[in-house]
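Participant: Single-letter residue listing:
Number of protein chains: 2
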Amino acid sequence: MMKHNHDEILNVVRNELPPDELLCDLSDLFKIFGDTTRMKILFSLFESELCVCAIAELLGMAQPAISHQLRVLKNNKLVDCRREGKTIYYFLADDHVRSIIGQGFDHLTEERMMKNDKKI
Amino acid sequence: MMKHNHDEILNVVRNELPPDELLCDLSDLFKIFGDTTRMKILFSLFESELCVCAIAELLGMAQPAISHQLRVLKNNKLVDCRREGKTIYYFLADDHVRSIIGQGFDHLTEERMMKNDKKI
DNA sequence: TCATCATATGCACCTCCATTCATATGTATG
DNA sequence: CATACATATGAATGGAGGTGCATATGATGA
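Protein chains in written order, with the working numbering: chain V, 1 to 120; chain D, 1 to 120.
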């Protein structure tokens with residue numbers, strides 16, 4: 001018997017597949033959202049701009065940990081900051097943040113509704 | 001001098017912040033998209049359902065690696081599968097997948113347009 | 001029921017990264 | 001210019017997860 005062949009469909013798919021670099025950048029972007037601490041920071045900033053020590057207090061974490069994560073978020077243009085004396089306030093840089101997280105939220109809630117349906 | 005106080009705003013933010021469990025689940029969901037291999041698999045399935053060995057061939061990776069990642073995707077309801085003889089075909093389970101990735105895509109391209117503007 | 005193909009699973013290794021600790025930078029005030 | 005506060009940075013550590021290898025499961029056909 002011969003191993004089954006799928007060259008035709010593979011050629012189609014291969015042509016439509018974006019370049020590796022783009023796919024890497026895209027997964028790198030989602031990697032940012034794939035951490036609880038960063039997700040909490042972003043949700044906090046939904047409400048209001050906040051200084052570093054306020055976020056640290058809110059999440060019950062050490063200040064350097066927050067600073068490291070804020071740097072990641074800033075490097076990826078998800079947040080920006082402004083200085084006011086000694087204090088530095090961080091805020092959301094982009095409305096895509098809200099819509100990306102919103103889509104994820106929808107998927108989660110829909111998934112749970114389906115689970116509940118099956119239970120009934 | 002006294003350390004600066006931000007209790008008022010923190011109380012507001014704290015009340016609006018979703019429960020920890022939800023924020024964990026949400027970042028866990030985005031973690032799925034935060035891997036190049038899984039991103040490639042999802043993009044491939046945009047075009048057509050595919051069997052495991054076709055995906056492995058397309059990505060130039062070993063079959064068990066693909067199986068492991070397909071399991072992750074399936075456990076999180078992002079893909080589903082059907083059997084046809086010995087072959088198992090995987091396909092996208094949810095249109096949220098397209099819209100979540102689409103939002104990420106928009107953020108990337110917008111970010112790049114801004115970089116180009118600054119260069120000019 | 002034996003051999004072959006398609007896929008799944010278990011385990012070990014290795015890399016990546018989030019956090020911590022210590023310390024540096026920056027800013028106002030006295 | 002010395003001190004205190006706010007934040008950033010660097011190095012080290014510990015844990016999570018992606019991949020490869022070996023092997024198990026499952027299905028088909030002779």
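Because the hints were derived from the structure by calculation, they are not lab data. Ideal Cβ placement from N, Cα and C applies to all residues, glycine included. Careful: at least some of the hints might be erroneous.
[Stated by the list, open to error] Restricting the straight-line Cα-Cα distance to at most 30 Å, the calculated cross-link-like pairs of lysine-lysine (DSBU-like) are:
(1) D:K86 / V:K74
(2) V:K77 / D:K86
(3) D:K31 / D:K3
(4) D:K3 / V:K31
(5) V:K31 / D:K86
(6) D:K3 / V:K3
(7) D:K31 / V:K74
[To be verified] With beta-carbon atoms standing in for the labels, derived distance ranges:
(8) V:R98 / D:T36: 19 to 27 Å
(9) V:V72 / D:R82: 38 to 46 Å
(10) V:D28 / D:K3: 34 to 42 Å
(11) V:P19 / D:D80: 21 to 29 Å
(12) D:D28 / V:G60: 43 to 51 Å
(13) D:R112 / V:N5: 19 to 27 Å
(14) D:P64 / V:G102: 46 to 54 Å
(15) D:K74 / V:M113: 41 to 49 Å
(16) D:H68 / V:K3: 40 to 48 Å
(17) D:P19 / V:R98: 33 to 41 Å
Participant: Compare the structure with each hint and give your call.
Facilitator: Evaluation of the provided hints:
This hinted pair does not check out: D:K86 and V:K74 have alpha carbons roughly 49 Å apart, beyond 30 Å. The hinted pair formed by V:K77 and D:K86 fails the criterion: a straight-line CA distance of about 47 Å is larger than 30 Å. In summary, the hint linking D:K31 to D:K3 is not supported, as the alpha carbons are separated by about 37 Å, beyond the 30 Å threshold. Restraint check: the Cα-Cα separation between D:K3 and V:K31 comes to about 35 Å, which exceeds 30 Å; the hinted pair is violated.
Annotation: proposed proximity of V:K31 to D:K86 is violated, straight-line Cα distance about 35 Å (limit 30 Å). Taking the CA atoms of D:K3 and V:K3, the gap is about 71 Å. The hint is violated against a cut of 30 Å. The hinted pair formed by D:K31 and V:K74 meets the criterion: a straight-line CA distance of about 19 Å does not exceed 30 Å. Against the hinted window of 19 to 27 Å, the Cβ-Cβ separation of V:R98 and D:T36 comes to about 25 Å, which satisfies the hint.
For the pair V:V72 and D:R82, the supplied restraint of 38 to 46 Å holds, since their beta-carbon distance comes to about 40 Å. Checked against the hint of 34 to 42 Å, the pair V:D28 and D:K3 passes, with Cβ atoms roughly 37 Å apart. Between V:P19 and D:D80 the CB atoms are about 28 Å apart, so this pair conforms to the stated range of 21 to 29 Å. For D:D28 and V:G60, the hinted distance range of 43 to 51 Å is not satisfied, since their beta carbons lie about 20 Å from each other.
One distance hint, 19 to 27 Å for the beta-carbon pair D:R112 and V:N5, is violated here, with the actual separation near 39 Å. Roughly 35 Å separates the CB atoms of D:P64 and V:G102, a value that falls outside the hinted 46 to 54 Å. For the pair D:K74 and V:M113, the supplied restraint of 41 to 49 Å is violated, since their beta-carbon distance comes to about 19 Å. Under the hint 40 to 48 Å, the C-beta atoms of D:H68 and V:K3, about 22 Å apart, miss the expected range.
Here the CB-CB span from D:P19 to V:R98 is close to 19 Å, at odds with the stated 33 to 41 Å.
In terms of the numbered hints stated before, the structure departs from hints 1, 2, 3, 4, 5, 6, 12, 13, 14, 15, 16, 17, listed from lowest to highest.
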